[in-house]
Amino acid sequence: MIEDSPFVAAAPVLVPMPAERPYTYAVPAGMRVVPGSIVRVPLGPRQVAGIVWDGAVEKVDAKKLRPIEQVFDCPPIDRAMRRFVDWVAQYTLSPPGMVARMLLRAPEAFDPEPWIEGLQRTLLTPDRMTGARERVLETAEGGLAWTRSGLAHAAGVSSTVIDGLRAQGVFETVMIPPRPVVATPDTSYAIPELMPDQNDAAQMLRANVAAGVFNVALLDGVTGSGKTEVYFEAVAAALDQGKQVLILLPEIALTHAFLERFQQRFGAKPGEWHSDLPPRMRERVWRQVAEGGVRVVAGARSALFLPFRELGLIVVDEEHDPAYKQEDRVFYNARDMAVVRGHIGSFPVVLASATPSVESRVNASQGRYNRAVLSARFAEAALPHLKAVDMRRASPARGGFLSPALLDQMRQTLERKEQSLLFLNRRGYAPLTLCRVCGHRFGCPVCSAWLVEHRFRGQLVCHHCGHNERRPEACPECGTLDHLVACGPGVERIAEEVVAHFPDARTIVLSSDLMGGVRRLRLELEAIANGEADIVIGTQLVAKGHNFPNMTLVGVVDADLGLANGDPRAAERTFQLLSQVTGRAGRTGKKSLGLLQTFQPDHPVMRAIVSGDAEAFYEREIAERERAALPPFGRLAGVIVSAVTRAEAEGHARGLRRAAPEATDLFVLGPAEAPLSLLGGRHRFRLLIQGERRADMQGFIRAMLANGPKQRGSVRVQVDIDPQSFL
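Numbering (the UniProt record's numbering), first residue to last: 1 to 727.
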């Protein structure tokens, strides 16, 4: 065991690779390491960063130990974070080294940021005074240090004026610390006036923060009810206690609008953390979070693994969103892990949503979470009036996908100079292209999926592996020209139909594969909010947290789309998505309408949305989950076996099934081919393990993997505890 003593002979170091345990390294004489120190160590022929870990040092011949090469000048990873890494690894059945890898994603941040050369006023005066020099001296009064370019910009002069004053000794060179990436938030900058129900919820959250212990609050409010302003009060309370705050957001596209709202409340933006951040900025944010300089971070799920120095609150916005589930290397749900992080660190967690997950609703009803309800929109704005359009009776024109009722409402909305939103959760122009003559269907060569036509780009694209090819003029099977037909609609095809009906309307298509990436998407969202578009056609990106003041009509093109995939959460996901997207309408108080085109108007999901009776939907869904012993009343885990050949994958999966231990509270379904049986050239089989809520799922799977066949050749096994996707 290593203690917090100045010197040790050997230390366990967790390295960022699929290691099941820390490796033992020698500590050179004169080097001081403590648990949490970030160090550089040799690993094979490479040098890698690692973390000095807790626990006993393995008994290894001292002559065989390789020494720690360097201790980085970086705050150590605290004990709570180290416990969190161990917990995530144990729960997800992932190697601890791969979890630690998420913590060490900014290697250039392990060394301190260099100080910057600056200028400071001396007691000398210039030989002659000019207007420009006078402005510089006035700006530099007070003894503060300035950068050369900063002083020139602030005084409105050229840099040569600064150089002249420095040459005369009026300024001397000093070194100044690196600038903070964001200013410190001011909790009293713009204190909002809250509605009575908002104030009640805010008081509950402030009390939770003041208690200084672990607790979870579910902030359940309809779209437009001001949930953000409410949890900002919890953020302010945590900041006033000297704590850091993490706010998780499900999509990068939401970050920009959120930053603006945060700045309006606190006078400064929070630090950002997401995949679109430039590497240098990621390093600076990582370092300043570790040192405590950045007090609030707004970020994607990976922000959960930032090394906060004084974390005292986590807020998970849109807590129901499936984007919080990572399904690569380490499979984890950031919402659930945020709750664990709060429990380990003994601080509060806030979950916010207009359509909470069934799991969170059950936890609230059973008393594990506190629940605050905001049942009305801010400033008494009315929720949109919702109607189902029965497509069996109101069918579109031949070759079209928009019903007469929806087109008529769009026409009226345009006449009022208001905005319409058409929602279809399907990218591209059409999900399938086939030949009218021979029936050939264009499929991905390495996935069991059809290629999606993207007509704007003239390409056929696989949305699973990224394979793309030019759309041909002739069928590759029979050679017939001009007989390829697009089947079904995507957002591009809906845009084509809209332009045909409303050629003078300003139309924008929003999708995650928009050319120009996140930057262009943000510009498009700003344009919509500023009223620079009449009709918006979008995928689920438009359903999440955006505020479009002039949006008064929402049309869901295919409300049944999410109900047909066999997912146990299909009804819940469809309810959440449709509730969120229809909630984009009428947020500023204008009379608004939501139309749901459906072939199943009597489906419980459609009835619940149209009637506005969310409670009835949750009661029914919770009762069905309980009867089927599905989460949160039971446990699920997926085991995905993949290999280059089908025989390898199936053989290994069957071997694992035979190795499953006997258990009365757990049973194994499968193996069966995954719905997406070929992905990226690899054949896939799935095992699904279902059990009682208190069953030892992890122990069962560990025993199955230990007793089963070893991974050889191209075989890979992935474990997904609490799966969100069943493809």
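Hints listed in this document are in silico derivations from the structure and should not be mistaken for laboratory results. Among the clues, some could well be false.
To be verified - The calculated lysine to aspartate or glutamate pairs, modelled on EDC-like cross-linking and capped at a C-alpha distance of 20 Å, are:
1) 544 with 504
2) 544 with 229
3) 269 with 283
4) 591 with 328
5) 325 with 251
6) 325 with 310
7) 590 with 418
Here is how each hint holds up against the structure:
Our distance criterion of 20 Å between C-alpha atoms is broken by residue 544 and residue 504, whose separation comes to about 28 Å. Distance check on the hinted pair: residue 544 and residue 229 sit about 17 Å apart at the alpha-carbon level, within 20 Å; holds. At roughly 18 Å between alpha-carbon atoms, residue 269 and residue 283 fall within 20 Å of each other, so this suggested pair holds. Under the criterion of a C-alpha separation no larger than 20 Å, the hint pairing residue 591 with residue 328 is inconsistent with the structure, at around 44 Å.
At most 20 Å may separate the alpha-carbon atoms for a hinted pair to count; residue 325 and residue 251 meet this at roughly 12 Å. With a C-alpha separation of about 26 Å, the suggested pair residue 325 and residue 310 falls outside the 20 Å cut-off, and the hint is violated. For the suggested pair residue 590 and residue 418, the alpha carbons sit about 10 Å apart, so the restraint of at most 20 Å is met.
Going through the hint list in order, the structure does not satisfy hints 1, 4, 6.
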